[in-house]
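Please build the complex by placing chain B on the supplied structure of chain A, with the hints as guidance.
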Amino acid sequence: MKISLPRLRTIRRIYATFFFGLFLFLLLIADFSHMKGYDIPLFLEIDPLVAVSGLLTSQTLYKGMLLSLLVLVPTLFFGRFFCSWVCPLGIMHQLFGLRVFAHRPSLSLNANSYRPWFRVKYYLLAGFLVVALTGGMQIGLLDPIALVFRSAAVSLLPALDNPGWTIYPHTPIFYGGMSITLFLLLILAANRFMPRIWCRVLCPLGAFLGVASRWSPFGIQRDVDRCNGCNKCLHHCQGACDPHAQWRRSECHLCMNCIEDCPEAALHYGLPATRSSVHLPLDINRRRLLETCIGSLALLPLMRHSASAVTLDLAPVIRPPGSLAEEDFAKRCIKCSACMRVCPTNALQPTLLEAGWEQLWTPVLIPRIGYCEHHCVLCGLVCPTGAIRALSVDEKLGRPPFDSPIRLGTAFFDRGRYLPWAMDVPCIVCEEVCPTSPKAIWYQTVTVTTREHATLSLKQPYLKPDLCIGCGICEHKCPVGGEAAIRVSSIGESRSATNRMLLKS
Amino acid sequence: MTIPDPKKRRPRTQTPWSRRQFMTRLATLAGGATALTASGIWLRGSEPVRHRAVEIVKLKDFRLPATTLHPLMAIVHGEHVEPMLREAIHQLGGINRFIQKGDRVLLKPNVGWDRMPEQAANTGPELVLAMARLCHEAHAETVWVTDVSLNDPARCFHRSGIQQAAQQANAQVFIPGKDDFLTTDMGGKLLKIWSVNRLFHQVDKVINLPIVKHHSLSGCTLAMKNWYGIIGGRRNQLHQEIHTSIVDLAAAVRPTLTVMDATRVLKHNGPTGGSLDDVARYNTLIASLDEVALDSYALGYLDLTPDKIPFLSLAEARGLGKVRWQDVTRSESQV
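Here the protein sequences come in this chain order: A and B. Under this note's numbering, the first residue of the first sequence is numbered 2, with each subsequent residue one higher. Under this note's numbering, the first residue of the second sequence is numbered 90, with each subsequent residue one higher.
By construction, these hints were calculated from the structure, which means they are not laboratory data. Careful: at least some of the hints might be erroneous.
[What the hints assert, rightly or not] Straight-line distance between alpha carbons at most 30 Å, and here's what the computed DSBU-like set of lysine-lysine pairs gives:
1) B:Lys267 <-> A:Lys37
2) B:Lys190 <-> B:Lys281
3) B:Lys397 <-> A:Lys64
4) A:Lys460 <-> B:Lys149
5) B:Lys147 <-> A:Lys460
6) B:Lys149 <-> B:Lys411
7) A:Lys465 <-> B:Lys356
Chain A on its own, in the form it takes in the complex (with noise of 0.2 Å):
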């Protein structure tokens, strides 16, 4: 009986489901009643990328990162195979530019053969990795898993969340959400005029497997005493690496639809055989990259002489639980929204520009939204760099052997606001609210004359600097609309050395 091995395009497709279904599996159960010892960044610490910028910019491969070498190292012996394999953006690619965008037949030497300015995508890496080396982490503005990851958590899971079927119990809104979706959906349609062009001409990570796979010894091999010209391995070719040709490896992304098309089994993946056409070297012209060095080791001075939280201590700019000192935290934080996903009060929001360009979407407490739940420290879980430092929750509340609590701010009282201040209303929700023992906000009773000459008993509240944590409860659930009538700043925050306000604290 002959044994019939399943086939190599076959096997690609379990693994892209499994993964694609293992991401997903990962981004909805990322929830305090869900998520178990689950590693929910776990594509994130896969991701080379992010593993050698972060170590660019801060000299150590932070705990989970190790796994990227599990990427990394496969391929460099059997190419880029990540990008259709695992990545979940090139999977979604793969569906919308073979299924949603299908073209014609003879439109495929068009669609999917290899052109001059797929290089992009390699002076994009080195202008990202020039910048990770002078300190700045901004590869997560394009690298594909924060990309998408970045999406679904902030924009798409909440709309795709409704009253029949539902993810959340409070359906979150984020700032901004929809912009950060609107590239995602962008990038997808553009499959429309090219299959995956995204990961053809953009991807920093596709770039960066692309240089590690040059060296690797298989391959996908074409015959060419049996190859007769049709060009009909273009027709679902993913990475336009023209294996019709002289087949480039570092654009090739084993998608294996060309052996699988080839109606003369010219073509094969492995060790090159004594008729195997040549292939061709990494297509990057030495004179434009180091252009590109050359040009972006400007960006990161621009960046820090702008005004920015790196620069200065901005009051709005509240970071979650264990986050690091802004210069560190800027060294960190890849703009990946897991910490935002998980945030059960919705209070954690990609920033706009509020914290300097450097620091688009990343993440800060905006207490209208939501507060920082006095038990919780899923940030700092789930954070695959560092940039939220994984906290305990003795050591977030100071309690034993830690000797202050993990303050985020301060609040301030509001006088010309304050319901018992400023119009003989009581109140104290804050009070109420309050999570510390004994209570940052405590009261006095005063006798006032109202206006109609009557006395009205109220209880005036105060605030104790050193007792309050930042958590911004008080805020969240002051019943004053608008602007709140105690209203926190990130002042008198752990993380900062200089962002105080007490001599004694």
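This is chain B only, laid out in the frame that chain A set:
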């Protein structure tokens, strides 16, 4: 690129219309125009936005008919919650007096905060467990446990132990989402139309399970204040007239039974607590059919007197119960 087929090229001139063609086209257009005009007239409205009318519902009265056979209040001291609860219910006439076969029962503990049972910011899980078990023994069809928490509800139910207690007793935990509130006529002085957790409109019996806690503005969080946890909307505004609000709520929701958890009492820093120094143990359960007398009695645990708490006399004036708990028939026992 498609190559144009010379046979399918568009003709360069029109053919003249036949009378039939013209009449058909005219009739079709006339029909369309009539439909367009008619729909315009039909859709015309005087309001800028057409809203569907919201149905306003009223809460039903869950109380039992009054009887003099049993006391109105049963105070039980002891170490273990379940036998204490059984004794208290027994004193009031047994569980079958309150729960009939097939009843859908709703338990309303206080699960406001993300705190552990020892911190006494939420009703003890042992009481929820025991009460749910008792309801099932009386052949209740379903037992629900619900609250509108102030902290993240998933954390509140989990860390208070109430989720696990409900699971153990085969009761259903219901965490209301944003669509789970019904517009309700509260009929109060201050609270007119508010949104109420929909379960309160869908059950036969409601059992209030409050805990004794300190509260800075109202003085105490007891049985009547526990009804804050059934409403949605901007409930933080109720603090501006907290005493009237508490009485309005207590007048709107008349439970079948109230069992107060005074095993642990949050004496300071309420209603959130957080430190074990804020908690004192009294190892008592009080079951009552008179919420005012019950609240008035429980003030003793917080070192308060009824004259300091305006909502009690306001409630009495509304006919909700007696402030002088000494005048209420009661039993006291030790288990």
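query = Among the hints numbered above, which are violated by the structure, and what are their numbers in rising order?
reply = 2, 3, 4, 5
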